[in-house]
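Asker: Protein chains in written order, with numbering that gives the first Met the number 0: chain F, 0 to 354; chain V, 0 to 354; chain R, 0 to 354; chain G, 0 to 354.
Hints listed in this document are in silico derivations from the structure and should not be mistaken for laboratory results.
The reader is advised that the hints may include incorrect statements.
No distinction is drawn between identical chains; accordingly, a pair holds when it is met within one copy or between any pair of copies.
As the list claims (entries may be wrong) - Straight-line distance between alpha carbons at most 27 Å, and here's what the computed DSSO-like set of lysine-lysine pairs gives:
1. 194 x 160
2. 255 x 160
3. 59 x 316
4. 194 x 59
5. 160 x 188
6. 270 x 308
What follows is each chain in one-letter form.
Protein chains: 4
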Amino acid sequence: MAGNTFGNLFKLTTFGESHGVAIGGVLDGCPSGIEIDLAAIQNEMDRRKPGQSAIVTQRKEPDTVEFYSGIFEGKTTGTPIGFAIHNTNQKSHDYSHIKDSYRPSHADYVYDQKYGFRDYRGGGRSSARETASRVVAGAIAKQFLSQIKINAFVSQVGKLKMDIPYEQLDFALTESNPVRCPHPETAAKMEEYIKEVRKEGDTVGGIVTCVAQNVPIGLGEPVFDKLHAELGKAMLSINAVKGFEYGSGFEGVRMKGSEHNDQFNQDGSTKTNYSGGIQGGISNGMDIYFNVAFKPVATVIQPYETIDKEGKKVTTKGKGRHDPCVVPRAVPIVEAMTALVLADYMLLNRSVKFE
Amino acid sequence: MAGNTFGNLFKLTTFGESHGVAIGGVLDGCPSGIEIDLAAIQNEMDRRKPGQSAIVTQRKEPDTVEFYSGIFEGKTTGTPIGFAIHNTNQKSHDYSHIKDSYRPSHADYVYDQKYGFRDYRGGGRSSARETASRVVAGAIAKQFLSQIKINAFVSQVGKLKMDIPYEQLDFALTESNPVRCPHPETAAKMEEYIKEVRKEGDTVGGIVTCVAQNVPIGLGEPVFDKLHAELGKAMLSINAVKGFEYGSGFEGVRMKGSEHNDQFNQDGSTKTNYSGGIQGGISNGMDIYFNVAFKPVATVIQPYETIDKEGKKVTTKGKGRHDPCVVPRAVPIVEAMTALVLADYMLLNRSVKFE
Amino acid sequence: MAGNTFGNLFKLTTFGESHGVAIGGVLDGCPSGIEIDLAAIQNEMDRRKPGQSAIVTQRKEPDTVEFYSGIFEGKTTGTPIGFAIHNTNQKSHDYSHIKDSYRPSHADYVYDQKYGFRDYRGGGRSSARETASRVVAGAIAKQFLSQIKINAFVSQVGKLKMDIPYEQLDFALTESNPVRCPHPETAAKMEEYIKEVRKEGDTVGGIVTCVAQNVPIGLGEPVFDKLHAELGKAMLSINAVKGFEYGSGFEGVRMKGSEHNDQFNQDGSTKTNYSGGIQGGISNGMDIYFNVAFKPVATVIQPYETIDKEGKKVTTKGKGRHDPCVVPRAVPIVEAMTALVLADYMLLNRSVKFE
Amino acid sequence: MAGNTFGNLFKLTTFGESHGVAIGGVLDGCPSGIEIDLAAIQNEMDRRKPGQSAIVTQRKEPDTVEFYSGIFEGKTTGTPIGFAIHNTNQKSHDYSHIKDSYRPSHADYVYDQKYGFRDYRGGGRSSARETASRVVAGAIAKQFLSQIKINAFVSQVGKLKMDIPYEQLDFALTESNPVRCPHPETAAKMEEYIKEVRKEGDTVGGIVTCVAQNVPIGLGEPVFDKLHAELGKAMLSINAVKGFEYGSGFEGVRMKGSEHNDQFNQDGSTKTNYSGGIQGGISNGMDIYFNVAFKPVATVIQPYETIDKEGKKVTTKGKGRHDPCVVPRAVPIVEAMTALVLADYMLLNRSVKFE
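Same shape as in the complex, but just chain F:
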């Protein structure tokens, strides 16, 4: 209720501050008997981790997951999967610029207002480091959902937009470049642009697009827990996200019903897919696709004016090694959250279709 749990039946609870002893989580509700490929989990962690390329933060964190329970002889037992990732980087640093003043567009100020007290080393619980636990759980969800294909990729960086329908992309190319854009020419431009921005000590936003294919018909609950509502919440819970749209999205606003309606083929599939694979909140078997907008990272390596705890003006400057653009590392996080949502509805759906 303090909001560290996601999901109803396939349920992840996370803990941990960026500079505490460890972060981790408990994944409850994963069915028994699922074979777990630990290397595949670590691979997802490596896609998210800092220091993997020249355009992301140069911090070094090995992000090695220790599993404590719920997996036995290579398979899930149906009991909760407890895991932790020890922070190797939490030594004493100089946090005075964070402790005593509030970084603009960070959570420092509201944490102090809400809790009256905060772990000022790093971003505490508001740090994107928390998402590492989501990637662990999402990687298990992906293995549970082996028949569903989830592919996220970067489709926009700043004003550089890849305007190619996802059906024409080869998702195998997503990992071929550090930006994680499956269109190599666009990826090269994006990479160049991120490097420029980094040189300025600045940051820039971007969009991650995600496509889920081979999703069974019937996932989603028709009123408050519509499939796209839960996907939206999942995406908006990722740090730095400012918007979510699925199917025709914000562009659909400009269309007329006669154009926008997806006509049926005789097998129940549709000729177009403005619906984005979801009708009335329920998956219809077509591809689910959506866009997630990320703002530019707030930490800029430039001097700025701000206030301290007493409301006095101070001038300070971002320090440390931060991402100039968050979207390349956000790709596995978007996939993980998508997998968690779909896994939850897979379990829930069995309950509804009772014979």
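Chain F is fixed; fit chains V, R and G onto it per the hints.
Answerer: Chains V, R and G in isolation, oriented as in the chain F frame:
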């Protein structure tokens, strides 16, 4: 879990099909001692109800709420507020065009796939009629949240966009025209356009913008239950919604961190508000604002080809009285869901700040 | 969260005060396609209702259920089942003895302390009238669980205890007498005793025993949500209940492990059943049986001293028509809550055993 | 939903098998700014741990808690408290007697039926080792609830019952003897008896009584989530518990209303306390007291006949070091669960009394 409940502490459960005996709900968790203005509730109902102007559906439904419990001598008692709205319009109609074939971009097909059985009269549970129950509960939430001001309005219809910052608008004008756009000149153009579209038997999408002012600092939970994540889910749970963005939203993607960061004033407020009143998932006391994208209504009064239950092609045509554009009637629904989210966090927040 | 919802997937939310307009509820999560026998539901209501025999309260309440949604052409649709029971008896009475003073061992005092305000007509939400909504939902749960047999009966009234193992009883006799004790000789003594107590203007406690047979193996979750823990909570949530025990119960305390252990037969059943059909919180296919202890009803028709809102001593006397012993009418309520618990675990269990 | 979470706002999720890498949990919702005494937590762990006296199991487990998050500079931060207790004892043992055959009255059989697969080393998730995580969280809850006094003690072992009203006991004596019975003469007899039973290779049941004093008025929700219903569920979720009663309990059944009603004093307290400190599900400020019945431990060190996975008869014998009587070590667990329930209602109650 079948998704008919919204909220955790201020919690609404709804029931009812569009053509059943009644729709209604139970609002649990509303604190005791709140004075309830029944006329204000009915006023919100009237803003949502069909037949209120020339540009909405001409169905006549009085939408009179009966309260069954939880209010005594004009005040809430802290016990659940049960209410119902009897359907006056559920007589035997000819539903054969819905019963035997699937309307494109409606939920008919997925309902049959998911439940194996459906109440084919009207849209059943997927009908926007369900939102009347949300408006009842939202109207109570507004009275509970009397210090917070929630104003939604139409900011776009099809390609007609009102490009005026909300700070320059007079919200008192929203109800001055049937479109519910607070800029009279734009409203007139939108009204004209909706009338044209209706004449064609077609429909068009739009955007509702919502602004919540005077929100206390500290609402929202920092990880999965970020304030904007729950607002996003709430909005995406409204029929026909395809997208949600708050603060800088999708436009923020194109900005650099140095422009996007909201610099502090000495009192903790910020000079700009790209954050949209929320930092790290927690309200910071600035205005919260967001956009909600609605697709064009699927029911068009034009002939179309579709399939029947056996997958055979049939040609049919939309009937009945439907909205050519959903956004004017969506305004009170967006406000209601906003109020429900904020009321829930108000209660939850007290728990966190414990002394 | 204000506690008017029971269950996770098969979920009942109730509303209504004893003297308000109506009581009722929403049953969410009932699978689609279950044939509903409305007469069977009304029959359960009649078992619970006042005025059915000489040893229960003589109030007349027809307790007719109106269904508003979720049932179509005689079957559940999978959507929420909304229902209400209008109070026919809520006319203006003289409530001054309740309004101005606190009845001993009633909830009046704590309601005023907790909510600062209460609907003083009748017991409000603390009245056993609320259980009528549980009986409606439980009757639907029974129809969903048609293969499981749930039989509750009165096994003790005051000091009169029926000491016969349930296996030797004919449950068909439970309804043969107004006490609902399936052993006619004991029933006759109990009836006599209750009549005596009533003449004195007094009340007496009792025990309801419940047996659930043909329960599938595997219901229950092994840690916090053990099957017997949820059954215990369900029973303890019924008005006037003071204790719950299952299997060997409090007597089991006196036994040694070597006697108490249930030895296996070769088919996995056990020779004895001290476990009460549940091992480690999970049903094992044997009969589930448990006892529920009810205190004597607090309303006695004798003069008593109490305090008013200002803490001044007042002498007053119970009025109206009350049950001298609650257990005969509690039998269908115990069965209803048992059915709700089992239905919830039936749905949940499908999620765990995933293939 | 797979039942490894307890509580709504003060919420514990546990993980871990008895012979896996570690057990542990996440406590979410603990308010910020609570000073944490780590030694007091370890003290509670030591009261529960094996090997502490001659009448409990002689296994050696240091049960050292590692905290991973949520505590900073000696105080809670309001973020989730993650913790783990590494299993030091999980080396390769001979588990063939558990792996291939089912121990009577254990969860082995139902686990295999439910999950199709189990971690057969030790009891896995059904082992009482899981309760160590509850004691950690309960110890934190006690510190949060510093004004409330929670005292549990052993009141019965086998047929040896201490028949002294709790008001006449000195709780300081509970820890003076290994049985944890605050009446030294009875304690000595109980200790003797447990030693005898252990010599026979047998086990025996017992009762733990718990008293919570200085509980604020108003905790508990009046319908399904009555305070005693949640306490009952909490107790019944502890391994080996067969029954729960509060206030007058099963004895209250034999009383008449005129005797059982608790008459008010002028300050709102009551002259008697058959209600057990709870009226209508809500605390009334009087002492809350209840009994928890524990069956004899199933593992006896005597030969017994059972079945293997194929249903063939086998003769085997319990091994290892087990408790002859579980109640002395159950005392801190009962206190921990009581603290968790009260902490949750403390947070929830703030929401209800809103000004």
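Asker: Does each hint fit the structure? Answer for all of them.
Answerer: Structure-based check of each hint:
1. 194 x 160: The answer is within: 17 Å in one copy meets 27 Å, while 36 Å across copies does not.
2. 255 x 160: For residue 255 and residue 160, both the intra-copy (25 Å) and inter-copy (15 Å) Cα distances are at most 27 Å.
3. 59 x 316: Only inside one copy: residue 59 and residue 316 sit 22 Å apart there, 54 Å across copies, limit 27 Å.
4. 194 x 59: within (19 Å within a copy, 58 Å between copies)
5. 160 x 188: within (10 Å within a copy, 32 Å between copies)
6. 270 x 308: between (58 Å within a copy, 18 Å between copies)
Comparing the model with each numbered hint stated earlier shows that all of them hold.
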